[in-house]
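Hints given; two lone chains; assemble the complex.
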Amino acid sequence: MAIEQSFLLLKKQLAELNKNPVEGFSAGLLDDEDMYKWEVLIYGPPDTLFEGGFFKAHLIFPKEYPLKPPKMIFQTEIFHPNIAKDGSVCISILHEPGDDKYGYEKASERWLPVHTVETILVSVISMLADPNDESPANVDAAKIWRENPEEFKKRVARCVRKSQDAFE
Amino acid sequence: MAETGDKEKSGTSQVKITVKTPKEKQEVEIDPDATVKELKEQVGKKFSATQEQLCLIFAGKILKDADTLKQHGIKDGLTVHLVIKSANKAHETSAASSSSTSPQTTQQPPNINATPFGLGALGGLPGMGSLGMGSANFMEMQQRMQREVMNNPELLRQTMENPFVQQMMSNPDIMRQLMMSNPQMRELMERNPEITHMLNNPELMRQTLELARNPAMLQELMRSQDRAMSNLESLPGGFNALQRMYRDIQEPMLNAAQEGFSSNPFASLVGSGSSSSIAAQQGQENTEPLPNPWAPGSPAGTSPHSSTTGTSTVTSDTAGGQFGMFNSPGMQSLLQQMAQNPQLMQNMMQAPYTQAMMQSMSANPELANQIISANPLFAANPELRQHMLQALPQLLQQMQNPASQAVMTNPRALTAITQIQQGMQQLYSEAPDLFQGYNPIGMPLIGLGTAASSSTSTTTTSTPATTSSSTDITTNTTTSTTTTTASSTSTTATTPAQGQAGTPGVDLFSNMMAQMVRMMAQGNINQPPEQLYAPQLEQLAAMGFIDRDANIRALQATLGDVNAAIDRLIQNR
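Taken in order, these protein sequences are the chains called Y and L.
Quick note: the first sequence, position 72, residue 72 per this note's numbering, numbers continuous.
Quick note: the second sequence, position 474, residue 474 per this note's numbering, numbers continuous.
Hints may be right or wrong, so weigh each one.
Chain Y stretches covered by chain L per the calculated footprint, using a threshold of three residues with CB under 8 Å from any CB of chain L [unchecked claim]:
#1 9 to 22
#2 49 to 56
#3 71 to 78
Part of the chain Y face toward chain L, derived, beta carbon under 8 Å [claimed, not checked]:
#4 ALA27
#5 GLY28
#6 LEU41
#7 TYR43
#8 SER135
Using 27 Å as the maximum straight-line C-alpha spacing, the simulated DSSO-like pairs for lysine-lysine come out as follows [as the list claims (entries may be wrong)]:
#9 LYS75(L) - LYS37(Y)
#10 LYS153(Y) - LYS85(L)
#11 LYS64(L) - LYS37(Y)
#12 LYS143(Y) - LYS162(Y)
Simulated from the structure, these hints should not be mistaken for lab results.
Treat the numbers as computed from the prediction; the structure is a model and nothing was measured.
No residue lacks a Cβ here, since even glycine has one placed at the ideal position from N, Cα and C.
The shape of chain L in the complex, shown without the other chains (with noise of 0.2 Å):
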């Protein structure tokens, strides 16, 4: 090497050190006497980097300015590590786990994050935060139609029903979506990988899809695994296993949900339900029979939700038809409280989303068309139909108009357009047919309301089943369930409201939100797969997997999930 014979002759010949990041590699030439702090010069220069910034490490020590580069042994051909750091370190790393997870809600006051499923599942829809449903009074009001529909578990069943729902439960594609958007999921998928396993694993998706999409199975699953975990415990050991599986699973994923929200129903299962009942029937088999949930005086701890109240509602629900739900003191206090709260409206009106929306539905009424035709609704019924079609550009159009936009912003408007409505909803209970073909400002509105407050509300109907399924049922599905039947009703809670009502403003405002979530729920599933995975397939062709049709297969079964993708290649050798 000429250069070492340089450096016996003269001493001012340089050394090559080998600088190296975790991410590049750059040769530093330097003279062998130089101290760290010449070193940092040369090295700031190379990596564009503040002194300040560099760490450089040898042999298991941090450089220090004044040390000699001699002092530590540093010769030519060695490698020296760079840490470079950034100005605020610590403060970006207590914060990039919370915003690297929940990159879509971190507008979001955190709070509202820990909504269990309520919020949670809506902020999952994406583009939901960005619509304004961010603000702390949103929860308020969302707690609040939380408790009325908590006793109305035929909602949910009609939701559950609800073709639109099913047809979009039976894509597996938009569940997982929906579940990877919720922050909560996900945080509960990072610290508990077996259930992002799970995810990945369609086909056990799928009959949890089965399951939710049909309730008495849904309901009957749920009773037989209270018994089956209940003879389990009294097996010698069983108890300890449940414990810990109680422990390791169930738990993490309770303190998640629990996070923030005081009045978890989950929070009176783990005091009683965990504790006190299955420590009383340790050791000794069970005899009893099933108990029945739903028999009128079921004891209170095999359901804490009591359907039997719940049904009376529903009944005199359905007897009042869709007006029975606008009197219902919830819906009056969502009303009130959009009305006192413009900011929301505004929130909601001023969204990219929403407004892109809108704009992209009047300029193209071949969209508008194809979606009121995708529509199983509107399928059945092409009167619905061409009378939507023509009522749309006009609704949009208002929508559109700065003057409307103000009128839903200004308290007071919004206040008389309340009492404008509850004037028209007793009208039309007096005289239904004086209402045939009107279409004021209000109903928009109230479709609006309707909308957004039957998907929030049905969202919680599905805290019940679970809540039934006591702390006992496997987590796993009870959750994905969970989640499932929350994030899916959001989506078509407004086609209820649709059937419901047969005044053409709700229509057309319900159809518009399905559409949107339509939208935003398939932004993605349309390209083809070579496009929709093409950073995974780059990453099993590096890995040494060559066979790109097989490759694009597997990411398809597995929705996309690299490492499912690799077991699942590896299986099929």
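So here's chain Y without its partners, still in its complex pose (with noise of 0.2 Å):
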């Protein structure tokens, strides 16, 4: 029955953003056959160093959602301190409820069944515009953020202009 429910979700999910699609970002699937796997394409926020790139990342479901948080995994290099160089995405509503290694995460703050492709991406995006220090996933990228802004300005700016060579 889980799997089902999963499926019937993710379907309606889907469907409901690509006829009323959300600021920021598009959604679709990265295999038509495959409801488990979505590709999403985030713009940059405006007014952030990130605006006018353009960021792709991959969403992958586990069969238990909604009640386990999917992955989210940019492909896009971005250089952002809750983003680790792999591309995942580390931020706290993408954390399993049960287990809290980190140790410093309410539990209100972890995944919750209710949360959506749409509530995932819209904290996603605000968090490009504004990097959560506590949790670096990407230690040099943090460092260079806390101590060096116009560094990081710069990096991120590379980031940018690589993001949209890519689809020229």
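Right, here's the structure in full:
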């Protein structure tokens, strides 16, 4: 039953997102046959360092969705304190509710079954604009962000340019 | 739906696709078998953009020109995202953040913005940048002046006690504006929202101002804070907390301050104060008596600036009176540099602000009168005021006269004037009585020199205050205090010059400067709150706060910060 439920839920979300898209990203399936692998394209939020960039990411849902969170992995290179170098996104709402391996997050900040693709991406987009210093996934980026904002700006601008070139 | 029916009958009928940008939404009708290129043509017309600028996104993919709509499964009623690229997007993005944060300083070379408390604070006075203060040479002069006054805490104290400064500091509105217009401060606030919040807290601001207004209290606070901090270190875990605080708050601030300014007074503190001495103390209670930084033989670590040498300079300064200051090497070099740098003078004279001010003053004697009577110094001295009023139009005319402006921009003429001045000074010190009522063209220039130099110099005096507070002090308070003093002094530094100088020329010019700064500072404060906070009010109304009066009150209390106003409104409910 759980498998059925997750499939239907994802299908419904996809249809809804195609009909009434949400600001800042566009979502579709990576492979039309597989409802559990999504491809999203985030465009850099305006008035942030990431403005103008196109960032592709994959969302991989477990069969247990929505009881367990999906994984989100950026395919485009992106320089951000909360995005690891391999592209995986470190954000509290994508952490499973059970284990508190990081030891600082409140249960309410972690994954909840009420989260949808939309809420995840809205969180990620806001994270782009406003990095979370407490749990850096890319330590270099966090260090530069904190200590050398000019350099951080430069590195991000490079990513943005690269991401634009990739689609031209 | 008739349209769907049509489509089934003939393959040529159109589908409706919604195209959406972050700002607007348009519907495009197109053949379902069309390619993306054809769709782009349509979209380009609707959004009046070239095809190269368009980027269509559907289902997480960027649509390529050669693809067809069918390939992507784009059907009737679906929405396609559109991003319109501007030609030099990447460039714009990198420039946007810097230019948006400091619009009025963009005309200055970047290294000037980086001067920590000096020009940053000066540039903080809106319009000061356009006065030609942005030239690199000015930086040099300023640094020289800074060093001069670094050794003179007395001067800072005098400035702080000046009624004009106090009056200004008691107005949180002005202070906030000054701080907000300092690009450095703004950058800091952007990076540290806590500080922004602090600035939006009128109560805290008032306390800080109170503190800044009472130098003795400030000194005492710094002293006790030092001790409190060092005791905190000896608590278990306290050192870590301090270190964290230092890293999270102080370091970004210092970094902001340090950029492009190698002779930063903090540099030594960061090195020695925080690491070695603090670490040495870790784990043991501090029972030593509080070191007295004012004692002649105090350890260098507690008071990096030697106030003892400062006082001796003060005494000689006051003994020499007004010209003691002129004869000081810093002042001389300033005058010399001004003489050597006609560009600076020219910039200053041609700045639209200066011109507009002069015009308005000469066209409106009432205004001038008002300004003069508003100045506490003149209010107390009707005779002086009368004198001022008579001399003012003359001076203004003189300043506006192209001939005199030409003189000011001519280096040789300036050198000559400097020489005349030096002669005058000598004459004045030898025979003061002779000097009464004598108003040569050189004097306004001196006044200018005094005003410019004393404003820059006092700016720096605030730096030792921070220095003595050492690394440990709650940096929030320090910064605001520093900026407070720094920015305010430039307004008022003119007044001490007035007080010392009995010569009308100096009075005239410094008064003019004072008025100018007042005009700049009060620019929009005199507006009614509804007008001043109109955009914020609209925002609040849109959020559902319908009580306009309450909104205005909240905005007034929070000095126009919408977020803080919302907090307040919610709390009051």
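Taking the hints in turn, this is what the structure says about them:
| no. | hint | in the structure |
| --- | --- | --- |
| 1 | 9 to 22 | holds (count 4) |
| 2 | 49 to 56 | holds (count 5) |
| 3 | 71 to 78 | violated (count 0) |
| 4 | ALA27 | holds (5 Å) |
| 5 | GLY28 | holds (2 Å) |
| 6 | LEU41 | holds (5 Å) |
| 7 | TYR43 | holds (5 Å) |
| 8 | SER135 | violated (15 Å) |
| 9 | LYS75(L) - LYS37(Y) | holds (22 Å) |
| 10 | LYS153(Y) - LYS85(L) | holds (20 Å) |
| 11 | LYS64(L) - LYS37(Y) | holds (22 Å) |
| 12 | LYS143(Y) - LYS162(Y) | holds (22 Å) |
Comparing the model with each numbered hint stated earlier shows that hints 3 and 8 do not hold.
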